[in-house]
Structure formats: C-alpha cells, structure tokens
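Peer 1: Below, each chain spelled out in residue letters.
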Amino acid sequence: MKVIKHSFDGVIVGAGGAGLRAAIEAAPHMKLAVITKLYPTRSHTGAAQGGMSAALANVEEDNWNWHAFDTVKGSDYLADQPAVDILCKEAIDAVIELEHWGLPFSRLDNGKIAQRRFGGHTVKEGTSPAFRACYAADRTGHMILQTLYQKCVSMGVTFFDEFQVLDIKIEDGICQGVVAYELATGDIHIFETRAVTFATGGFGKIFKVSSNAHSLTGDGPGILYQKGIPLEDMEFYQFHPTGIYRLGILLSEAARGEGGILRNKDGERFMERYAPSIKDLAPRDMVSRAIATEISAGNGAGPDSDYVYLDLTHLGAETIKKKLPDITDFVRTYVKIEPIEEPIPVQPTAHYAMGGIPTDVNSRVLSDEKGTVLPGVYAAGEAACVSVHGANRLGTNSLLDIVVFGKRAGQSMVDYVTQTKPNQLSDNASNDLTKKITNLIEKEHTNEFSVAKIRKDLQDSMEENAKIFRTKETLEKQTEILEELRERYENVTIYDKGKVHNSELVEAIELDYLLDMSEATVSSALARNESRGAHSRQDYPDRDDTNFMKHSFAFKNENSANLKYRDVELGKYEPMERKY
Amino acid sequence: MDVSIKILRYDPESDRKGHWENYIVDAEPEERILDLLHKIKWFEDGSLSFRKSCAHGVCGSDAMVINGENMLACQVLVKEVGNSLKIEPIRGLPVVKDLIVDMEPFFDSYKKVMPYLINEKEPGDRERLQSPEDRDRFEDTTKCILCAACTTSCPVFWTAESYVGPAAIVNAHRFVFDSRDEGSKQRLEILKDVNGAFRCRTAFNCTSACPRGIQVTKAIEDIKRETLLNN
Ligand SMILES: Cc1cc2nc3c(=O)[nH]c(=O)nc-3n(C[C@H](O)[C@H](O)[C@H](O)COP(=O)(O)OP(=O)(O)OC[C@H]3O[C@@H](n4cnc5c(N)ncnc54)[C@H](O)[C@@H]3O)c2cc1C
Ligand code: SF4
Ligand code: FES
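Residue numbers (our numbering), protein chains in the order written: chain A, 37 to 616; chain B, 23 to 253.
Calculated from the structure, these hints are not laboratory results. Treat each hint with caution, since some may be false.
A partial selection of chain B residues facing chain A, derived with a Cβ cut-off under 8 angstroms [said to hold, decoys possible]:
hint : residue
1    : Glu149
2    : Arg202
3    : Lys214
Derived coverage of chain B by chain A (criterion: at least 3 residues anywhere in the stretch with Cβ under 8 angstroms from a Cβ of chain A; other residues may be distant) [to be verified]:
hint : segment
4    : 75-81
5    : 133-143
6    : 204-213
Note that the coordinates shown come from a computational prediction; the quantities given were computed from them, not determined experimentally. For each residue, glycine too, the CB sits at the ideal point set by N, CA and C.
All chains, please: the whole structure from these sequences, using the hints.
Peer 2: Okay, here's the thing in structure tokens:
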C-alpha cells in the first residue's frame, strides 16, 4: 500500500457547515487542510430545510434571552445554560455574517431577512409562537453550505476531497495527526498536524428509517471513542415527527411553522390534546411521542394503521410554492401525491444526534467527565456535544450550532497553533490502518459475514428496540443483539478487493463506527432510569431531577460502555415541568 | 417484480476495456433506482462502484445516464422508467471506475467563474437590504447542487472539454443577477471568452437534464445578453 505524508499546522475533518465555518476562521492564520469523504457541497448540511434561528426581531419583538429560555426548556433542562447563552447571543451576528458573505435569505417586503415560526420557539417565555427562524425558502441548509463553500473557494482553502480520515494519532495525551484513506486510489495519507477539528456530522444510519444520508456513520465520534475518549449524552437521539412514510425523507417543521396540521386517521387535529397552547408546534420529542401514541392507540391511518397525516391543503398553492417548494416536490417525486390537494402520510424518522464528542464552549474536546481538555483536538457540529441541545434539540438550532461552534473551533485551533511548535509524526503512524485494510482485503469473502447483512440487522433491531419508546427489557434485548452483531463483525468480509473507489471496504470500516454508536446509545439509555426529552423510558415515565440532572459520559469497554456523569451547568432558568 | 439492469462496468485495475454486465433485481415499483443499485452492491456484487449520499435528490452525488438520459439515481422510481434499464456513467468526464467519473475538471470550471459574492463595501453590522423582487431575479439559479447532469448532457461539452459548461454559467448567473454583488464585470469578461457562454448552441439538453428544474438554457441566454450589454 502506498503511503504519502503531508505536514500541516491544522486539519479539519469534514466539510459540512461546521467544518467549513471552522476553516474560514482558521485558514488565514495557518497552513490548513480540510479533509472530506464527500465533495464539500455533498455534505448533509445541504439537506437542511427549514431555517436557522436568531432573535433579529425583523417581524416582531424578540430578544436572545427568550431564544435561550426556549432552548433550555426545549432541552428538558439538560442543556448547559452558559453554552446556550453563547449560542443564542452569537446567533444574531452569525446570521448577519452569512448574509454578508452572500447567503440568499428570503426577504420581507422591507428588504430585511424573513423569519418564520418553528417548533418550541416562543416570545416572552412561552406566550405565543415566535417568528425567529431565518430562512431561504425550504432550502436553508443548501444555501448555508453553498455560501460557506463559496467563501472557502474565494479564500483558496486547501481541500482533500474524497479522502476519508480513519485514524487519529495521540501520543502522551497530545494530538499528533490523522491518517486518511484516499477513495480514488486506495492510498494511505498521513497528515502530520498538531490541531485537528472533527466536524463529521451525525450518525442517523444506526436506525432503519432516517432522514440522514448514507454517509452519516459517526466516523469522528467513532475514531475518538476507540481511543478512549468518551461520548456524551448518547441516549438522546431525536426522532423528527414528519418523515415521509417508510422512506424517512424529511418534511421540515417549517411546514407546520407555515400552518400545516397533523391529523390522525379520523382527521382529528390530535396535537390539541397533547400541547393545548402551541399544538402542532410543540417540540419534536413531544410531537413524535404523540404520533407514536396515536398509532399504538389504533388511530394511525393506512392498511397497517402505522402513519398519520401532515395536512397542508389549507395553505394554498401560492404559500406552498413560495415557502415550501422543495419538500412538496419530494412528496410529488417519492409519494406521487399532490400536497396542495391531499394530506401526506408521515411517521417519525431518526433525525439528529444530541449526543457526541464532548467539548467545552470553545469546541475543545474533553477526555473525561471532569472536563480535562485533550490538547489539539476540537469538535463541532452534529458530531459534537457542547451541550446546547440537552435532551432535545429545537428545530433551527443545529444550523446555528454549526456556525457558532464551528467558528469557535477555528478560533481555538488558531490559539493552539500560535502557542505550539510544529510536531513530527513517524512514518509508521499508518500501520494500524494499513493492517486493518490488509486484513479486510486478504480475508476470503463469505455471504454470511457481508457488511450489508450485519448493518441491516443492526438498523432493524435499533429501530425495534431503541427508538422513541424504550424499556429496560427492550434495551437489554438490544444489548444482547449488539453483542451478537459485534461477534459477527469480527468476521466481516468484503467481496471487492480493488484499490480504486472500493466503497465496500469503506462501508466495512464505517460499520464498526455504527456499532460503536449503537453500543454507546443503548448502554447510556439503559442506565438512565428516567424520561427526559427524546429519551423516553416507559418503565420510568417521569423526569427525575434528583438523580439525573447530569450528562452521561460513555467510555468504550468491549461491546458496551462504562458510564460516568457530570452535573448540568445551570443558570437563570430553574428546571420546571415542561408544558406547552 | 423483476427488473433487468444492464450496467456499463469499468475497472482500471482489471478491465480497462469495460463491459456491460447484466443483473436481475427484485424490486417494488416505488423503489428508487439508487435502491436497486444498492441491492446489487450489497447483496450480489460488492465491487460495483457509484457515488451517493443523501438519497433524495439534494446532494448531487449520483448523476448517471439511465436509459439514455441524465438523471439522479435517487430521484427516479422504478415505475417511471420501467423494468428494463441501461445505466452508464455521465459523459464527457473521464471514467474512474464503473459509474464514477473524475469530477475535478467540472469543479475547476465552476471555480473559474468566481462563484462567490464580490462586494468591497463595508456592510455595517446589520444585513444588507434586498427587496423580494431583487431576490427573485436569481432564485432559480441558487438551487444548483453541482451534480453535473447539465454539463455532461451538453453536445458542445462532449466535443470541447474546454467549454466551461452550463453548470458554471448557472453559478455565474446566481451572482451576476444578485443586487448585492459587484463582480459582474469580471465574471462576464471571463464568460465572453471562446470557452464561455457563447459556445452554447441552445440544444436545451441541459434544461431537461437538470434534476432541480433550473431553467439552465434561459440562464445561459441571460448571461449572453448581459455580456453584450456589458460591452
Ligand atoms: C433533512 C434534514 C433537515 C434538517 N433541517 C434543519 C433545519 O432546518 N435547521 C437546523 O437547524 N437543522 C436542521 N437539520 C440538522 C442539521 O442540518 C445538521 O445537524 C447539520 O447540518 C450538521 O452539520 P455538520 O457540519 O455537523 O455535518 P454534515 O453537514 O453532515 O457534514 C459532515 C462532513 O463530514 C465529512 N466526513 C464524515 N466522516 C468523515 C471522515 N471519516 N473523513 C473525512 N470526512 C468525513 C463529510 O464528508 C461531510 O463533509 C436537518 C437535518 C436533516 C438531515
Ligand atoms: S444546473 Fe441543474 S443539472 Fe446543472 S449542475 Fe446545477 S443542479 Fe445539476
Ligand atoms: S444521493 Fe444525493 S442527489 Fe442522489
């Protein structure tokens, strides 16, 4: 195997919103490389639809403190309040900055950035839904990704496109570099560098029905987890209420922000029963549970009574065309119905990882629950857990998170690089990865141990046992299944033995990360004997602030995880019952 | 139902000439062509290579020629194309393996047209204002996902690789008609070149190929007109 060595001051792994924003911050101050397994514009940030919140007050009175209140309440009080303050306060400049870089936001008649309603966002701490989400039709993420990439092109940022990072080198507790696999050639590249940011996105592919791209396999968290770095709050995974039935393709909350209504098989607007004040715009965890509850009560529609309807028919063709063009096109393309005339079959879809690589508010990675900083390693975006989303993220806060904490990751890299000297990494840094790859290439292929079969069984079982509602029983069952899958994975084989674009080889390695993510999720979920935000234990239906106002830290331990905890950082807002 | 799929395979390591391979896949009418390719790759022949990510037509990874036309494999359902399929890589870019082509020349052309906002004026600490009407002027071309379906369907591009191609012009259009941008002069100068917009012979292939429904040919015409006005 050919091994090529590069030397940089800093490396960013991932070119979605978080990685690109970090790059813009860091590139002027160091020799920087952005490594990405997809062409930057293929990153899943481009799939984000509805909007990005900031208290610009362009439509009505607003201020960032209300945004912070909503975020903390939405998080079911698990978010760290000082971090939430940073998120909501810096949101305003972050949006303005994107506009200055050319982001084509939708506009109000007076020329200002348009803002729309979104779930869980209110004015005056819960009085009524707020117009806070800045948007570009229903392709806000696409515009953010394009704008940030365009900015990087204008700055001449160095990219390694279709290079996949598969290992990090940490010596004496200090970052020394990363090792990557070049998809087009099968060559190995050692990147000697003292500062690395992981911005690899989420891991929604642990579930069967998901809004996430095929590429979202938790590589960044997986690489660090395997080196003994813990993962924070992994039991909190968000299920978005409105995925297209069976396919999981997302229909943004903006649909309800613009007035769309959820109905059960009888046409009843059931959210009136679950969240009398803000109804269909309640936070996602509540709406997803409401849908699941309706379905198990026999109120689901269709031959298997397993979906509900998202009704947009009263919005009118003009609003739909102007404000929700893409998502209604998805419905036409994939369901072949006309959403202006017919309600759309939807079901909850696995969507967003609140948990991930633990960081402080400067995006520095923490190596334990005590808050010890791992020098030279940073994380931002969906791969990271700051935590600003706590037990349940509010819609529009992730696009915000990626730019606010992406920028901070870039700044932290600059600080670190200016204070330290270039390091040296030996040529055998690639040995572990080379061995892993050689092993997969040399092992004879058998159908029984194919990547796809193990992955399918993983996704099906996670869907069955660890989705919206969980119990000790389902989680213990899933623990056993994961043990079996891990055993099968030890023998995984691939058919393709080539060097050029061997995506089967890459999928085999990604499956290891998917198993890691699932193990951490299930172990953390089993240990949290309460229901909070997206983590809903039917055997412990109430929130337990006495025992669980804390973040979990899962450390890898063979097939499960060892758990430690850290107290939530409180602030102005005292935990109270979450009613809407 | 059974769907028969013929795929043009190529492997630089073992099959430099390339060959057609036949597969029979059991599929539902509602499945995407991408799902079928996955069935082949995951359960039959792991060496089949193609790009993919989002699986719902927004990332631009999987443009390919399906029964003679450029499409995104994730955006077409079996029931729309029938049970006999012929799949090839997009044309005009070097094939690397199977359905994967070298995208570098495509992105190089994109970068040539300065695809970023140019405005030296200090914008202040609030957003620049833009009326909804001004915003609408370039709405269509903001939708581009750089999938290359348009460029690789263009007969001019097939014969002259140096032509920047429809996608690059679309991305120039996105800025030329943005009221906040001040870089049009430079961009139009680039597009006036022999390899620029005037190479277009209005074949309209690009417009029918675009999976985002962008009026690509119209955008090219807009740019031609603007270039003449600029002179
Ligand atoms: C359909 C959908 C709609 C959404 N809508 C909204 C919304 O309206 N508002 C909102 O706030 N949030 C929304 N979200 C959530 C939000 O879009 C994501 O959480 C966010 O964009 C993640 O950005 P990121 O930069 O962390 O990761 P991504 O954009 O996923 O980027 C990950 C990057 O990492 C790279 N990468 C991964 N692994 C490796 C590796 N091993 N080596 C090298 N590179 C690697 C990839 O190539 C990619 O460039 C939505 C999410 C989805 C799925
Ligand atoms: S204009 Fe359309 S076809 Fe061309 S690259 Fe953009 S999205 Fe693809
Ligand atoms: S896989 Fe993203 S466009 Fe088809």
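Peer 1: Give a verdict on every hint.
Peer 2: Hints versus structure:
no. : hint    : in the structure
1   : Glu149  : holds (4 angstroms)
2   : Arg202  : holds (7 angstroms)
3   : Lys214  : violated (21 angstroms)
4   : 75-81   : holds (count 7)
5   : 133-143 : holds (count 5)
6   : 204-213 : violated (count 0)
This entry does not satisfy hints 3 and 6, going by the numbered hints stated previously.
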